[in-house]
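Letter by letter, the chains look like this.
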Amino acid sequence: MADRPYIEILKEKLGGMIKDIEQPRSKRIYVIVDRDDVQEAARIIFYDLKCRLCTTSGIDTEAGVEIIYHFYQDHDRMMVNLKTLAPRPDLVTKSVGAIFKAAEWIEREMAELFGVTFEGHPDPRKLLLADDWPEGLYPLRSDYPQKDVEGFNPQDVDEPNPDATHLL
Amino acid sequence: MKETIIPIGPFHPLLEEPELFTLKVDGETVVDVDVRIGWNHRGIEKLSQGLTWDQVPFLIERICGICSTSHPYACVLAMEDILDIKVPPRAQYIRPVVGELERIHSHLLWLGLAGHFIGYNTVFMWAWKYRELTLDSLEKLTGNRNHYAMFKAGGVRRDFSQEAMDFTMNAMNETEKALNMFLGVVSDDPVLHKRLKGVGVLTYKDAIEYSAIGPTSRPSGVDHDVRRDDPVDAYGPSFDKGVWKPIVLEDGDVFAKAACRILEMFESVKIIRWCIENIPDGEIDAGVKEIPAGEGCGHYEAPRGEVFHYMRSDGSNYPVRHKVRAPTYNNLPTFKATCPGAHIADVALITASIDPCYCCTERVGVVDNLGTKHILTEDDLTKLSVERTLDVRKKLGKITWNPYAKLL
Amino acid sequence: MALGLNSLKKSIWVYHVACSPCNGCDIEILDLLTPRFDVERFGIVLVGSVRHADALLVTGCVNRQIKPRLQEVYLQAAKPCVVFAIGSCAVGGNFFRRSYNMAGPVDRAIKEVDPNAIIVYVPGCPAKPEAMISSVVKAIGFLDNLKKVKV
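Sequence order for the protein chains is Y, C and F.
If you read the first sequence in the working numbering, its first letter stands for residue 20, the second for the next number, and so on.
If you read the second sequence in the working numbering, its first letter stands for residue 1087, the second for the next number, and so on.
If you read the third sequence in the working numbering, its first letter stands for residue 210, the second for the next number, and so on.
Incorrect hints may appear among the rest.
Claimed, not checked - Here are the simulated DMTMM-like cross-link-like pairs (lysine to aspartate or glutamate), alpha carbons at most 25 angstroms apart as the crow flies:
| id | chain 1 | residue 1 | chain 2 | residue 2 |
| --- | --- | --- | --- | --- |
| 1 | F | 337 | C | 1249 |
| 2 | Y | 69 | C | 1249 |
| 3 | Y | 102 | Y | 151 |
| 4 | Y | 46 | C | 1477 |
| 5 | C | 1331 | Y | 31 |
| 6 | Y | 120 | C | 1295 |
Note that these hints are calculated values from the structure, not bench results.
Could you put together the complete structure from these sequences and hints?
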């Protein structure tokens, strides 16, 4: 355990990159940085502070796609959430997968599901969705047309199947 | 040197989830591995945004039939992180019991499958036989063999009866005997040592670089366990009293991973016993009415590693965003570090060692660079495996005659 | 057809096709093979190749990526062949029926390539091993009746 609050260590290490920092609960810290600083901030948290990358979340908001890198420091028992924003309309941010391999897959997935472009990603191929998934359709965006896309409606299986035979 | 590409999957003949592995091989040595996932993608994160907070744990349970406690556990922890509450004491002891029973059943399942992959079907049958004891306990305690529907924000849905707890204690005694037997099998058998030691080594550096978790990274010397590092419910007090400890080993090979899992089951038995002996009386539900606006993270040590859930609420009935990260997602890319340099025959074992349940031994189609296709028949594969077994046996120096002469 | 169906009544060899399941049904299928339930005493064996199989055990709600592969696997199976849709997902989609990546339940995918396919539905989440054994017994009875009608 560190002898001073973890938030102080974080403030010292990240310095001027921090746009906002808060600690709503004892084990959770949320840091907001600019998208140009995200690579450097992630490098410091991962290599210098020896945090483990849990995962990355994307959230579609009005301003753009909010990207949160969740780190956990096992020794100091602190969850550090590094937030950045890929603003509309271009949704471009820097790739953290270029810094350490743990973020590679999750950024590939987010590029598919949100349409975010990660600049400098080493391997920007498809990961999750079907091979015949149409270009430019991103299911986790809030404007995803659930009903109107040809051939991509959710299946309506509520009607009983007329062909079924009951065995007993 | 000619480089050959071997696709494995998406339907491998025997088991579990569909997945496509592309092996680049040079002779019998693997040069590179690529994995294409998405055969199982069900869009759960999107579905979760259309369900109410009370319905979400039921959906989350169906992410995985084997980890069907861990996901709801992490999910309700994320909700409780938003609420900033603690659950009632009795619920705090009920939750770890279900979680640890699931760990035992999952590790026994893995042990059986791993035995099956190396052609040790006796272990497969035995492990699955003793796994039934755990499943019976779960059925008595929660009402179902998989998908227990026990978790809700602020508590659990179902109380344990005294009869079921007594049954579980007996089942744990039986399980411990079986575990001792398995420990003996793994530590004594020279063939297992030869087959598993030094295979698929994940170094400490790679484990950190890929952020590998759980029984994939702990055998490589990474000292972390979410149950200890972010203690919730009864895990905190039981660890402080010295009831259990995380298993951290040094070697990082498949043997260490197997040993780690077997030793972990002993720890799970201890946690279950301690929780059932010390379970307090009282309420099981804090009576959460609504989730306020905010964001929260929850994580829990599933059998395969840390499960991570992130939830954001705007104060309405539905989550705005629900991110799920299953442990295999972080562990799967470690193939890129462990497979190159290994034999083709070992790849099935190495990939199995992180526990994604996977098999490729029955039929492998080989496509070489010219585009012509040969199918290795079962006979060819049998021949290959017999030759390899003989090799191993010769190196062990314990075999003087050839029982496979007829086959060769 | 009648002769073929008759041949299905004894020692059914099954092939397991996992189509984006949650593993719950899959581990219960494996449970069938192990000492507690041990269906091998009825001659039911899990085989490695679909070409050896008399029945397909399909689990999970079929997603877009896996659907063409499932159809391919069904076409490769020697006919006649019975399809067991195991679990609520395979029968009707369960929670996942409204997901963007789903292509519908198993019977739709199979009937697209073979409208006359025989599909047995085994609901349950996950389907219990007892339910699976019972479904096989009922399916054999059904094939018996079908044979009498057809002949």
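Cross-check of the supplied hints:
For the proposed pair residue 337 of chain F and residue 1249 of chain C, the alpha carbon gap of about 23 angstroms is at most 25 angstroms, so the pair holds. A distance of roughly 47 angstroms separates the Cα atoms of residue 69 of chain Y and residue 1249 of chain C; the hinted pair therefore is violated under the 25 angstroms criterion. Restraint check for residue 102 of chain Y and residue 151 of chain Y: not satisfied, since their Cα atoms lie roughly 32 angstroms apart, outside the 25 angstroms limit. For the suggested pair residue 46 of chain Y and residue 1477 of chain C, the alpha carbons sit about 54 angstroms apart, so the restraint of at most 25 angstroms is broken.
A hinted pair counts as satisfied when its Cα atoms are at most 25 angstroms apart, and residue 1331 of chain C with residue 31 of chain Y does not qualify at roughly 34 angstroms. Using a Cα cut-off of 25 angstroms, the hinted pair residue 120 of chain Y and residue 1295 of chain C holds, with the two alpha carbons roughly 6 angstroms apart.
Against the hints set out earlier in the document, violations occur for numbers 2, 3, 4 and 5.
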